Amino acid sequence: MAGHSKWANIQHRKGRQDEKRGKVWTRITREIIVAARQGGGDVAMNPRLRLAIDKAKAANMPADNIKRNVDKATGNLDGVTYEEIRYEGYGIGGAAVIVDCMTDNRVRTVADVRHAFSKHGGNLGTEGSVAFQFKHVGQFLFAPGASEDKIMEVALEAGAEDVITHEDGSIEVLSAPGDFEAVKHALEGAGLTAEVAEVTMRAENNIELSGDDAARMQKLLDVLEDLDDVQDVFHNAELN
Numbered sequence: 034m035a036g037h038s039k040w041a042n043i044q045h046r047k048g049r050q051d052e053k054r055g056k057v058w059t060r061i062t063r064e065i066i067v068a069a070r071q072g073g074g075d076v077a078m079n080p081r082l083r084l085a086i087d088k089a090k091a092a093n094m095p096a097d098n099i100k101r102n103v104d105k106a107t108g109n110l111d112g113v114t115y116e117e118i119r120y121e122g123y124g125i126g127g128a129a130v131i132v133d134c135m136t137d138n139r140v141r142t143v144a145d146v147r148h149a150f151s152k153h154g155g156n157l158g159t160e161g162s163v164a165f166q167f168k169h170v171g172q173f174l175f176a177p178g179a180s181e182d183k184i185m186e187v188a189l190e191a192g193a194e195d196v197i198t199h200e201d202g203s204i205e206v207l208s209a210p211g212d213f214e215a216v217k218h219a220l221e222g223a224g225l226t227a228e229v230a231e232v233t234m235r236a237e238n239n240i241e242l243s244g245d246d247a248a249r250m251q252k253l254l255d256v257l258e259d260l261d262d263v264q265d266v267f268h269n270a271e272l273n
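Residue numbers (this note's numbering): 34 to 273.
In case anyone wonders, no lab produced these hints; they're calculated from the structure.
Straight-line C-alpha distance at most 27 Å; calculated BS3-like pairs for lysine-lysine:
(1) Lys56 x Lys100
(2) Lys100 x Lys90
(3) Lys56 x Lys168
(4) Lys252 x Lys88
(5) Lys183 x Lys168
(6) Lys105 x Lys88
(7) Lys252 x Lys56
(8) Lys105 x Lys56
(9) Lys56 x Lys152
(10) Lys56 x Lys88
(11) Lys56 x Lys90
(12) Lys152 x Lys252
(13) Lys88 x Lys100
(14) Lys105 x Lys90
(15) Lys168 x Lys88
(16) Lys252 x Lys168
Cβ-Cβ distance ranges computed for the label pairs, FRET-style:
(17) Asp104 x Ser162: 36 to 46 Å
(18) Ala248 x Ala223: 35 to 45 Å
(19) Asp87 x Gly192: 10 to 20 Å
(20) Thr226 x His169: 19 to 29 Å
(21) Ala144 x Leu189: 37 to 47 Å
(22) Ile118 x Gly178: 39 to 49 Å
Just so you know, these numbers come straight off a predicted model, no measurement behind them.
Every residue gets a Cβ at the ideal spot worked out from N, C-alpha and C, and that includes glycine.
Construct the entire structure; sequences and hints are all you get.
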């Protein structure tokens, strides 16, 4: 048992992301382009591209848009070249923050990220300064009330590494990134649909923030997520 506010924090983050749907297609477009450029345009041979296209479909992106972005990346159309950059830093109360970006202008991006940290009570760290506090995993989160026994049986059989029942009743399934699709298909095949299913950077230990500190941390996260070049923001703060 762990993480008394796991469900509330995940739902809050999901809600904040839903409010920013205007940026979703832009982020997914970049992910498709980078995934296709690195691994090729054959979905059957490129797991990262499959995940990106799944995200695109979930966000109701038209098939023509998806194909055009794959074509851009694989040289069939001219397009912008994006590079992936990860920044690490500290938020309120020493909370660890990872900011994943895709950009066509590294100088602009680092200036924007550094400014966001410094203006809102955090500071940009060096490479490796906080990444060790996170683990790259496939993560599935089920709402309180889901069948723990059934989820555990299906998930572990499909290759999941761990199933965690939190104090709030939510159930979290963790897998290696490479096993994410197999676990996802097994869970869905058994009629178990997670509220959250993603490959993510999961904090090994969380820092609880409340009151003014929680509000300040949320502001920092919002500003970072609103930056044009930012794809994902991961942190280890539990906001109460």
